[in-house]
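There are 2 protein chains.
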Amino acid sequence: MVTFLDEKEKATPVFNWPFSKIANSLEASVIRETLKISSKPGIINFAGGLPASELLPIDQIQECCDSVLTDHGAQALQYSISQGVPVLRELIAHRISRQGLPVTADNILITTGSQQGLDLIGRVFIEPGDYVITELPTYLGALQAFNFYQARYAPIPMDNDGMIIEQLEEKIKEFRPKMIYVVPNFQNPSGITLSYQRRKALMNLVFRHQIAMIDDNPYGELRYSGTPLPSLRGLGGDAVIQLGTFSKLISPGLRVGWICAPVSAIKIIEKAKQAVDLHSSTFTQFIAAEFLKRGYLDPHIEQIRTAYAVKRDTMIAAMKEYFPPSIRWPYPDGGLFLWVQLPDNVSASMVFQQAVHQGVAFIHGRPFHPDGSGDNTMRLNFASSSPENIVEGIKRLARVLSQYC
Amino acid sequence: MVTFLDEKEKATPVFNWPFSKIANSLEASVIRETLKISSKPGIINFAGGLPASELLPIDQIQECCDSVLTDHGAQALQYSISQGVPVLRELIAHRISRQGLPVTADNILITTGSQQGLDLIGRVFIEPGDYVITELPTYLGALQAFNFYQARYAPIPMDNDGMIIEQLEEKIKEFRPKMIYVVPNFQNPSGITLSYQRRKALMNLVFRHQIAMIDDNPYGELRYSGTPLPSLRGLGGDAVIQLGTFSKLISPGLRVGWICAPVSAIKIIEKAKQAVDLHSSTFTQFIAAEFLKRGYLDPHIEQIRTAYAVKRDTMIAAMKEYFPPSIRWPYPDGGLFLWVQLPDNVSASMVFQQAVHQGVAFIHGRPFHPDGSGDNTMRLNFASSSPENIVEGIKRLARVLSQYC
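Heads up: the sequence lines are chains A and B, in that order. For the first sequence, my numbering gives the first residue as 1, with consecutive numbering after it. For the second sequence, my numbering gives the first residue as 1001, with consecutive numbering after it.
Only chain A is shown next, with the shape it has when bound in the complex:
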């Protein structure tokens, strides 16, 4: 079938699309380019945010698929409601309730991974020019989500106990922020955990100033050392919206995350969700529900924890042995990442070019800084490589770093 236009019209040059709203973010391009280079053969890849492929529970998911299609096939393949499949929401609510303040299925909305939770939060709350308080550094995906809604940022520096709360009240008064966004457990990128005293102080400020509080918690169950702390949601109840996901606990490819929030908030977010994609995959929601119903999740998390603890310890031991002594990193009690601070005068983007030549890749830390700082920082994923590759990758990286530090 060919085109049927008049000869005159055929000659018209191809239409230029009126793109105007999607910023060509330099940071996002850098990250994309980095990830492309990092996945080349021969490169030991500490760059991505991936969980370990060898730990994905393929056989158990196969069992869940069979059982879902046999018992609920028509339902699992049909349209569903925007808030999410009820049985999954009940099971998630039950899990969250075990940790503290009880919630019900009405408090849960299923999202396509946590990233969609961040976009929906931005969509519902942020108006152009609104200030958002973040940690410094903060999760890049949150910045990408909030940038579209034209957020401005008031980032608060961290120490080994997380966001420095002493600076928070000042910033609240100065910027009258619309919300506070925190990744309190084993933060991406820094690996830092907000201490109990800081959590309490943070929530007291949230109540006093009545600011929306977003508790982004993808890694909370991946603790390998130290004592579990009460969640911000557990401390603040209905003052806190918490984001969760099975991406690091079961499989990222299912794209099943959730928002846990007061019912009044869920009702508004549900309207937004309906307009953006009607609902997330019914089928993968049923699979996740079956995984939980069968009791597969807790033993699987235990298995991941054991494996990731070994990988973390392996990477830290190698860094201690091979890195120049001027290099520092906070100790992560969980999660996927080690956060490496080079001397102030060393740019991690220069290190990156040479590291790739040596066959190892990481993510430059600067894109995680909304204020443009952090040129001397880098994020290493210890979860997705084998212990052997971790040691070899750190050796390669150390060879490059020893030229600069």
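Hints were generated in silico from the structure; no laboratory data involved. Hints may contain errors.
Unchecked claim - As a list, the in silico BS3-like pairs of lysine-lysine whose alpha-carbon atoms are at most 27 Å apart:
#1 B:Lys-1271 x A:Lys-40
#2 A:Lys-320 x A:Lys-395
#3 A:Lys-171 x B:Lys-1021
#4 B:Lys-1271 x A:Lys-21
#5 B:Lys-1173 x B:Lys-1021
#6 B:Lys-1036 x B:Lys-1021
#7 B:Lys-1021 x A:Lys-173
#8 B:Lys-1040 x B:Lys-1395
#9 B:Lys-1271 x A:Lys-36
#10 B:Lys-1036 x A:Lys-267
#11 A:Lys-395 x A:Lys-36
#12 A:Lys-21 x B:Lys-1171
#13 A:Lys-21 x A:Lys-40
#14 A:Lys-21 x B:Lys-1173
#15 B:Lys-1040 x A:Lys-267
#16 B:Lys-1036 x B:Lys-1395
#17 B:Lys-1320 x B:Lys-1395
#18 B:Lys-1267 x A:Lys-36
#19 B:Lys-1171 x B:Lys-1200
#20 A:Lys-21 x B:Lys-1021
These numbers come from a predicted model, not from an experiment.
Once you have looked at the hints, place chain B on chain A.
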């Protein structure tokens, strides 16, 4: 675990979330309420937009799941790229190329159903106050998607050949629209198909005035009578962005749709997609790809077509037999819907109340009219009920209508 706040802070009333941007659309609430009522036991439901549950290819999807998890388990459960799984994009590009202008995997971006395609289009193109030309009536989900970006609408009335193109150029000159949005095949809600002459005239205007053209095509392959027509994408090439989906062809619960567009457009939309949810479910993309690879799709579509043709003919025959003669409807050559026009002075919302008492439900047509007209219209889904229920439902509806018409 209880809250750890000071007594004074505990007494603070629960935080009020600063919702501001999600309009509490009356139309959306009406639809939600309607769908809730319609799914009650004992109600014959012509309201939803669902495909027939009894035709969902459960066994074939089970085979695909097994094969995907056995052969590509780790890949199918891991993170993927924002544009979508390459093998699926290749297979979709191949299918589209069969219909006319060839495209490649680079022209395809996978979305979470067509609804996400509409949201991404709005996100990339529409700035507050921009005009969008639509058919009158038009697809409600498109209005919900575009409303968030503060679109205004210039709707063009339809006759049995689709949008009345004679009125289009006038409106283009008056409103300088950012884009034209059309559902050219078996439109939702009207069932009307844009004629070949009108397609040609429409594309000539698009070229002359250089307006972005959105061809929303969820039903194109569900034709039961008449001659297939060249697609708008086939006529206009790179001047057209086409949306497609497997929701009505395989399963809505997989949530696999796509955008077919020039590479320059795909690159921008990919950035938007990355910020909203990173990517759609890797696993359901692999399942859809396997379904296509195994050659299951064409025979399955043939089976759906045969069944839906019977249902359509059954509903039309019953309407001819039982409806008062003052009631009219355009004849749909495909799709899922019959569009019923009551006499001008009859409100379909009044009919709805009584119809529910009689045990039959439909969707009021007014929400599909961006200008607030259409109070005397209703949409009937003929695809999701059995032929027996179709006849019984039309009888019940006829009893109510005979009081008004």
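Can you confirm whether the C-alpha distance between Lys-1267 of chain B and Lys-36 of chain A stays at or below 27 Å?
15 Å, holds
Need the status of pair Lys-21 of chain A, Lys-40 of chain A: alpha-carbon distance at most 27 Å?
Cα-Cα ~32 Å, so violated.
Given pair status - Lys-1395 of chain B, Lys-1036 of chain B, alpha carbons within 27 Å:
Holds. Lys-1036 of chain B to Lys-1395 of chain B sits at ~22 Å (cutoff 27 Å).
Tell me if the straight-line CA distance from Lys-1320 of chain B to Lys-1395 of chain B falls inside 27 Å.
11 Å, holds
Tell me if the straight-line CA distance from Lys-1173 of chain B to Lys-1021 of chain B falls inside 27 Å.
31 Å, violated
Straight-line Cα separation of Lys-1040 of chain B and Lys-1395 of chain B no greater than 27 Å?
19 Å, holds
Between Lys-1271 of chain B and Lys-40 of chain A, is the straight-line Cα distance small enough, at 27 Å or below?
Cα-Cα ~22 Å, so holds.
Could you grab the alpha-carbon distance between Lys-1021 of chain B and Lys-173 of chain A and see if it respects the 27 Å cut-off?
This hinted pair holds, its Cα atoms lying about 24 Å apart.
Verify the proposed pairing of Lys-1171 of chain B with Lys-1200 of chain B, using a straight-line Cα cut of 27 Å.
Cα-Cα ~18 Å, so holds.
Given the hinted pair Lys-1271 of chain B and Lys-36 of chain A, is their Cα-Cα distance within 27 Å?
Between Lys-1271 of chain B and Lys-36 of chain A the Cα gap is close to 15 Å, so the pair holds against 27 Å.
Check whether the Cα positions of Lys-21 of chain A and Lys-1171 of chain B lie no farther apart than 27 Å.
Holds, at about 25 Å.
27 Å limit on alpha-carbon distance, applied to hinted pair Lys-395 of chain A and Lys-36 of chain A
22 Å, holds
Of the numbered hints given earlier, the model fails hints 5 and 13; all others are met.
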